[in-house]
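First to last, the sequence lines map onto chains H and R. Position 54 of the first sequence, counted from 1, bears residue number 54 in our numbering, the numbering being contiguous throughout. Position 6 of the second sequence, counted from 1, bears residue number 6 in our numbering, the numbering being contiguous throughout.
No distinction is drawn between identical chains; accordingly, a pair holds when it is met within one copy or between any pair of copies.
Here are the computed lysine to aspartate or glutamate pairs in the DMTMM-like style, where the Cα-Cα straight-line distance is at most 25 Å:
1) K37 to E3
2) K9 to E118
3) K37 to E117
Derived from the structure by calculation, the hints contain no laboratory data.
There are 2 protein chains.
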Amino acid sequence: MLETTHLLKSFDRVTDYWSPKVIGRVNDQYLKVAKVKGELVWHAHAEEDELFLVIKGRLRIEFEGHAVDLDEGDMLTVPRGVRHNPVAEEECWVVLIEPVSTKHTGDVQTERTRTLEEQLR
Amino acid sequence: MLETTHLLKSFDRVTDYWSPKVIGRVNDQYLKVAKVKGELVWHAHAEEDELFLVIKGRLRIEFEGHAVDLDEGDMLTVPRGVRHNPVAEEECWVVLIEPVSTKHTGDVQTERTRTLEEQLR
Numbered sequence: 001m002l003e004t005t006h007l008l009k010s011f012d013r014v015t016d017y018w019s020p021k022v023i024g025r026v027n028d029q030y031l032k033v034a035k036v037k038g039e040l041v042w043h044a045h046a047e048e049d050e051l052f053l054v055i056k057g058r059l060r061i062e063f064e065g066h067a068v069d070l071d072e073g074d075m076l077t078v079p080r081g082v083r084h085n086p087v088a089e090e091e092c093w094v095v096l097i098e099p100v101s102t103k104h105t106g107d108v109q110t111e112r113t114r115t116l117e118e119q120l121r
Numbered sequence: 001m002l003e004t005t006h007l008l009k010s011f012d013r014v015t016d017y018w019s020p021k022v023i024g025r026v027n028d029q030y031l032k033v034a035k036v037k038g039e040l041v042w043h044a045h046a047e048e049d050e051l052f053l054v055i056k057g058r059l060r061i062e063f064e065g066h067a068v069d070l071d072e073g074d075m076l077t078v079p080r081g082v083r084h085n086p087v088a089e090e091e092c093w094v095v096l097i098e099p100v101s102t103k104h105t106g107d108v109q110t111e112r113t114r115t116l117e118e119q120l121r
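Produce the entire structure from the sequences given, and follow the hints as far as they go.
Here it is, written out as structure tokens:
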């Protein structure tokens, strides 16, 4: 029997900022939820696009030379290879869609980098 | 400059039931929005999972031998190869995530089958 997942309720699993949790999979992509506040880190994913959908709050995604602001309900796909840095002044809830192979801090390893095992918990 | 898409507002593009519109892409997957009412058709996608997320209303997905009910905010991935039939008693708004190659009526061609060109309009 297939089981449904409630998108909003799955944010209950998130206990730390910048620590995404995998809530679903479709083909080779994971859906993840994350609560974010402050900034992550400048990074890129060489081979992988990453989609951001803001559920609550506001998210700014900084790019080299400009930035894009996402309000509640807005989504944006960051194309592969594009350096970016997500920033949230206040707590923001986001859905991420990215390949199962993606590291959320891309080519950069920081104290914020979470293993897949941590994201599946 | 990258442009954001507002998830709810993009339902404005939907003028007919069972006629999905592509609103975004991440890697080899499309995000689509659709308004549905009544039932689609029994079908399967041999090689492709399909994710349903209910934004408004209720959706029942019939499977052989059982059914799964999705309320607002619920999501479910129908695994590849599994025959299913989406049914909505009242108008229901859904987000679909599926490969760019997916035909929304899968292995079945009906009057409801929409070309990709129609879905991109």
